[in-house]
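Student: In case you want the letters, here they are:
2 protein chains.
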Amino acid sequence: MTEKADIKYLLEPRTVAVIGASHSPDKIGYKLVENIISTGFAGSVYPINPQGGELLGKKVYSRISEVPDEIDLVCICIPAKTVLPAIKECALKSVKFLAVITSGFSEVGNIEEERKMVELARENGMRILGPNIFGIFSACARLNATFGPRDILPGNVAIITQSGALGIAMIGKTALERIGLSAMVSVGNKADIDESDLLEYLVKDKNTRIIMVYLEGVKDGQRFISALKLTAKKKPVVLIKSGRSKRGALAAASHTGSLAGADDIFDAIIRQCGVLRAENLGCAFNWIRFLAQAPLPQGENTAIITNGGGIGVMATDACEKYKVNLYDDLEGLRETFSKYTPAFGSLKNPVDLTGQAKASDYSSALNSALKNPDIHSTISLYCETAMFDYENLVPMIEQTQKDYLNQKKPLVFAVFGGAKTEQAISSLREKGIPVFPEVYDAVSCLGALYAHSRHLRAEEEFLEPYSIELNRIEQLIYEVRNDRRSFLLAHEAKKLAEIAGIPAPATLVARNLDQAIKFAEQIGYPVVMKIVSRDIIHKSDVGGVALNLLNRSEVIDAYEAILQNCRSIQPDAKIEGVEISEMLQPGVELIIGARKDKIFGPVMAFGSGGKYVEVIKDVSFRALPVGKKEMMAMIEETRAYTLLLGVRGEEKKDLDKVLEVMQRLSELIIRCPEISDIEVNPLVVYEYGKGAKALDIRVLLTNPEGGVK
Amino acid sequence: MTEKADIKYLLEPRTVAVIGASHSPDKIGYKLVENIISTGFAGSVYPINPQGGELLGKKVYSRISEVPDEIDLVCICIPAKTVLPAIKECALKSVKFLAVITSGFSEVGNIEEERKMVELARENGMRILGPNIFGIFSACARLNATFGPRDILPGNVAIITQSGALGIAMIGKTALERIGLSAMVSVGNKADIDESDLLEYLVKDKNTRIIMVYLEGVKDGQRFISALKLTAKKKPVVLIKSGRSKRGALAAASHTGSLAGADDIFDAIIRQCGVLRAENLGCAFNWIRFLAQAPLPQGENTAIITNGGGIGVMATDACEKYKVNLYDDLEGLRETFSKYTPAFGSLKNPVDLTGQAKASDYSSALNSALKNPDIHSTISLYCETAMFDYENLVPMIEQTQKDYLNQKKPLVFAVFGGAKTEQAISSLREKGIPVFPEVYDAVSCLGALYAHSRHLRAEEEFLEPYSIELNRIEQLIYEVRNDRRSFLLAHEAKKLAEIAGIPAPATLVARNLDQAIKFAEQIGYPVVMKIVSRDIIHKSDVGGVALNLLNRSEVIDAYEAILQNCRSIQPDAKIEGVEISEMLQPGVELIIGARKDKIFGPVMAFGSGGKYVEVIKDVSFRALPVGKKEMMAMIEETRAYTLLLGVRGEEKKDLDKVLEVMQRLSELIIRCPEISDIEVNPLVVYEYGKGAKALDIRVLLTNPEGGVK
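First to last, the protein sequences are chains W and U.
Note that this note's numbering gives residue 711 to position 650 of the first sequence, counting from 1, and the numbers run on in steps of one.
Note that this note's numbering gives residue 468 to position 407 of the second sequence, counting from 1, and the numbers run on in steps of one.
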């Protein structure tokens, strides 16, 4: 495989050829050439068709080899069977990019043909977009190489879509909503070029201010995470992913994987990357329309200005839902708004100008808010009243919007009423001013802006890595492999924990009764005893566990009872000994797990631990590595956090130790290629300064071929 | 107070007078008379103004006493100070209803004047709507006695609104959305007439098919619950309540109250009543527009028909969210749709007709679905494609809608695209056909219809009441009252539980060491010992508890230790003895609480119990009484349900016993006026047939005046 071509010339081609250019206007191959020419593509266009002749004023070449020019992009819209030979011709011509419009490949099970296509392209330094796409639009190249609608408003929003049908419909929708596009790329089957390639281009593209991605599935999750992380630190990324329902959940061997549906993990990871996830199309389009023009807020304080109490309370509810913070300095509110609020109005936030408010009152109040440096954004609500001077509403909003843009303060308007209100909304939308008929939609846009703005400000602090003797772990795993196992026995897992610096109760494995007594006295009473056997999985069920043994005689009785129970219930089980360990005092029980996810690579789970983790379902997820702040965020997202803070008069628990265990597990999963899953459950956490102990540790290895379950 | 007048003549008045009728067109008193006359009110209108004269062709009377007719409804729009004298005049005239438009009463703190107004009205057999309202509209009386927009489309939706500003705006919105109204009532301060009065009328009103309520607060919660229950069993009730945020949470003394914000309880109760709660206005209007015309589905199976895979998956996600069940008979799907689906489409549900589908394909597929008796509703999705014959879309949807209505099958359409799609939506909306640009909105409407339909079908089965010796409980409470307490000591609460038939561990209170030993042997080892003192609240903290005492000598040691600890730490505490009780085996721990809520009357909480209930936050709520199904639903809503079913190889737990305890607590709170709160936490539940035990019971009494905290 030769080096990948820079994605630049896919979006900024100097020359475009269309293989399958057609003379019949109802064919895709006609529509495509027509769109390219009629939208004024600045470079050269070369229609290719064995019939030759002329098409829309351009000479038609019968073969690509005849084109007297270098070609950056070839669009292919010929039957599936003829695509591979066409790609061979393109290779000879040293084409850079192939946009394969044609469908009938992996999406209908024709995987082999698609694989060959990519192989051939790569071998010849070409890259493929598609197959099974509707094309590509790029505003800077004035290129509409799609068979969708011709008129696309140029602007600063880039759209990447995995669905063709939705993509074409989105072109219409953006035109209707006056959303200008910098690029629109259909990625189809993603045989080669995928969202990550495009994000890497778009993050640097000066014409693109915001990126929307419609996604159905991810192939290379780790690369996608990197691309999203880089992009979302520069520009808002709005993502819609369908397939939230349970049917798509990944099967997984350990709790860490099975605790949540695949969508929960996906959702956690893209939020960690700073992506704004929209539940549906309506929401996504509201957000991009707003984010495409809104300035970043300089602080967290929002003022709500309303002419009705009820709608004001609704906006307050919406602010809580979408994490928009209300300005609550009563003195500041009074100073800013008292001149424009009647006595029977309200000077608390929401500020109620009352039903008597006219456009000029809104204008004055909003201007006053603009001058208050402690108010960083505003939400204006207007209920159509019998009194309101409707004709002044539109110019007032237009002017205010300009003033706010100049001062770099975001604002949203929600207006609710009948036909006149609807007209006002339409005429403002025509001008690209985002006004919403629904309060929740308006607030959700501001919430998305704040989420992006907070992500831009957040700085991660990565903890100093701990020094772990990896060679000792490799040796341990070598022995397990020699024993033809892909899981560690309890005492091996404890050994691994010890090497990795994860605190576990003192444990020794006794091979006979004398050792058992000796070890028990060495560890100190009370102790716990457990059978050690690879053949016995549910140790309690066969009477293989004894708790809270207080003295020598109880240890003797328990030792004999355990062996007898196991031998009578599972006579074939190979018994390696009996494990003696320290009996732990109660504390807060957590689960911390790290695993190599098939799609997203190393991920971590944190939550409430114990026997019933699946029932309690109190877990947060992140892709690794994570810094300290993100680990704290993981903890804070769970109910376990409250327990760690100490409730009902209890002392605060040892959070530093919890963070340390998280960090050590993270390093293990990242640095040990042979470990696929490592999970501590429960980690029993004590008071501050008293540490934590891993009561049970499960370690699974990657399968011998090195893959991940 | 005389008997309340029937609400009928408020909505169907034969005569209306307007006190404050004005000659200036910019006054409310003019607008009101103008609206009444111009919308063709069938009865007589009497404008009242001391100046007399003529207004809009009607004679103006200078006083109400001069009107030569009986008057059903008087609208009052004069300054606040003059309202009370006007009501006195109305009383002399034996008016039935007063709609007090005037504001400036309790909403600005003028509570006394409002109270007097109601008192005066009631004494004279009159009832008041308002004050602080915009008026009332009633389609059957052709009465628009509001100062809002004149043109209101008559129809089958009734709206009750607490917010005036929103209400007026809603009139405009309904006209815009072609939603016809049967009634629109502004309830304002609800000094007298409230939502419950109106629901009682509307449930019987043959012109009203669906009721929408906008609510900010509830006064008489118990009556509201009754009215909602009755109404929602006949007609869909869509409710919007603002003030979901935490600030509105009720303060409460026990877990049952404090476990959730007030809105959680409100939300649970209105759902229990069968009410459809909309989060915001947009959602509410979508629902009423759809419910006003949709037939009830005859079963749970829905088919999704689409021309794009991506949007189909989105609809599947939305169906999971809004509890719409997909038809999944593969054979049935094939038979119904194979004729209209190309080979590369999909015959699973969602049925993908592919981007090549024309209007006629949709029409055929939908008609085929109509003929399949196992498909009870359909969701059609359409992405605007380059191929679609747009001009046939509107007539196809129109015709299909008619066919489905005739066969009583509900259907929804979601269409996504550009300007042409938008035009199609507008033209269909004009005709009252609900078509949505957003898939989630379409599915949410169908979900609301299904929720209503399920509620109509659900039949509640109330359990036979248990016989409880209430006189013994009264005696016990009498003794507590005599001791000037409003809470029961632990042994008293156990006594109460015993009388009420709630199983508790065997418990005896020892007054001296000999008794302690005797009782311990009587109960059987191991036992638990606890100090009994009204002065010691946190018994563990002062060393007042000893667990797992195995024999006589441990009981002796513990008895002495407990007394010594308590005496040294709280020397002033009055010690009543030491409680000896059975040491319980572990089981599933629940919390079950019943209390008299200040607003909603008797309510019950059920959930995961134990020390950390506030952290675990796994509780469901209902208003009492509840039948068996509703109790099961309460249990199933919590994660505790999974534990009761038995996880990780455990046996199923004794659900019948849990239901019995719920029922007994319910009876106690309903039948004992003196108990304000009774809470069992934990109720330890064992395997099926082995029952449950209430480990701790807290009982609080109503305060001596009989009120509830």
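A couple of the hints might just be wrong.
Identical chains share a label here; the pair holds if one copy fits it or two copies do between them.
What the hints assert, rightly or not - Each computed DSS-like pair below joins lysine-lysine, with the alpha-carbon atoms no more than 30 Å apart:
1) Lys177 to Lys400
2) Lys400 to Lys265
3) Lys419 to Lys88
4) Lys481 to Lys419
5) Lys600 to Lys149
6) Lys92 to Lys481
7) Lys382 to Lys678
8) Lys492 to Lys481
9) Lys400 to Lys142
10) Lys751 to Lys672
11) Lys280 to Lys119
12) Lys751 to Lys678
13) Lys463 to Lys290
14) Lys713 to Lys672
15) Lys280 to Lys409
16) Lys678 to Lys689
17) Lys678 to Lys384
Keep in mind the hints are simulated off the structure, nothing from the lab.
Predicted model, so just to flag it, every value in this text is computed and none were measured.
Student: Does each hint fit the structure? Answer for all of them.
Tutor: For each hint, the structure was consulted:
In the homo-oligomer, the alpha carbons of Lys177 and Lys400 never lie at most 30 Å apart, since the shortest distance is 73 Å inside one protomer and 34 Å across protomers. Taking identical chains as interchangeable, the C-alpha atoms of Lys400 and Lys265 are never at most 30 Å apart, the minima being 47 Å within one chain and 49 Å between chains. Taking the shortest Cα distances, Lys419 and Lys88 sit within 30 Å of each other only across copies (17 Å), while inside one copy they are farther apart (56 Å). Within a single copy, Lys481 and Lys419 get their C-alpha atoms as close as 15 Å, which meets the 30 Å cut-off; across copies the closest is 36 Å, which misses it.
Taking the closest pair of Cα atoms, Lys600 and Lys149 never come within 30 Å of each other, the shortest separation being 62 Å inside a single copy and 85 Å across copies. With identical chains, the CA atoms of Lys92 and Lys481 are at most 30 Å apart between copies only, with a shortest distance of 19 Å across copies and 40 Å within one. In the homo-oligomer, the alpha carbons of Lys382 and Lys678 lie at most 30 Å apart both inside one protomer (22 Å) and across protomers (19 Å), since each shortest distance falls under that limit. Within a single copy, Lys492 and Lys481 get their C-alpha atoms as close as 17 Å, and across copies as close as 20 Å, so both meet the 30 Å cut-off.
For the homomeric pair Lys400 and Lys142, the shortest alpha-carbon distance between copies (27 Å) is at most 30 Å, but the shortest distance inside one copy (75 Å) is not. Taking the shortest Cα distances, Lys751 and Lys672 sit within 30 Å of each other both inside one copy (23 Å) and across copies (22 Å). For the homomeric pair Lys280 and Lys119, neither the shortest alpha-carbon distance inside one copy (40 Å) nor that between copies (77 Å) is at most 30 Å. For a Cα distance limit of 30 Å, the shortest separation of Lys751 from Lys678 qualifies both inside one copy, at 27 Å, and across copies, at 28 Å.
Taking the shortest Cα distances, Lys463 and Lys290 never come within 30 Å of each other, neither inside one copy (32 Å) nor across copies (51 Å). Within a single copy, Lys713 and Lys672 get their C-alpha atoms as close as 23 Å, and across copies as close as 16 Å, so both meet the 30 Å cut-off. With identical chains, the CA atoms of Lys280 and Lys409 are at most 30 Å apart between copies only, with a shortest distance of 24 Å across copies and 51 Å within one. Taking identical chains as interchangeable, the C-alpha atoms of Lys678 and Lys689 lie at most 30 Å apart whether they share a chain (23 Å) or sit on different chains (27 Å).
When the C-alpha separation of Lys678 and Lys384 is checked against a cutoff of 30 Å, the pair qualifies both within a copy, at 24 Å, and between copies, at 21 Å.
Violated hints for the displayed structure, listed by number in ascending order: 1, 2, 5, 11, 13.
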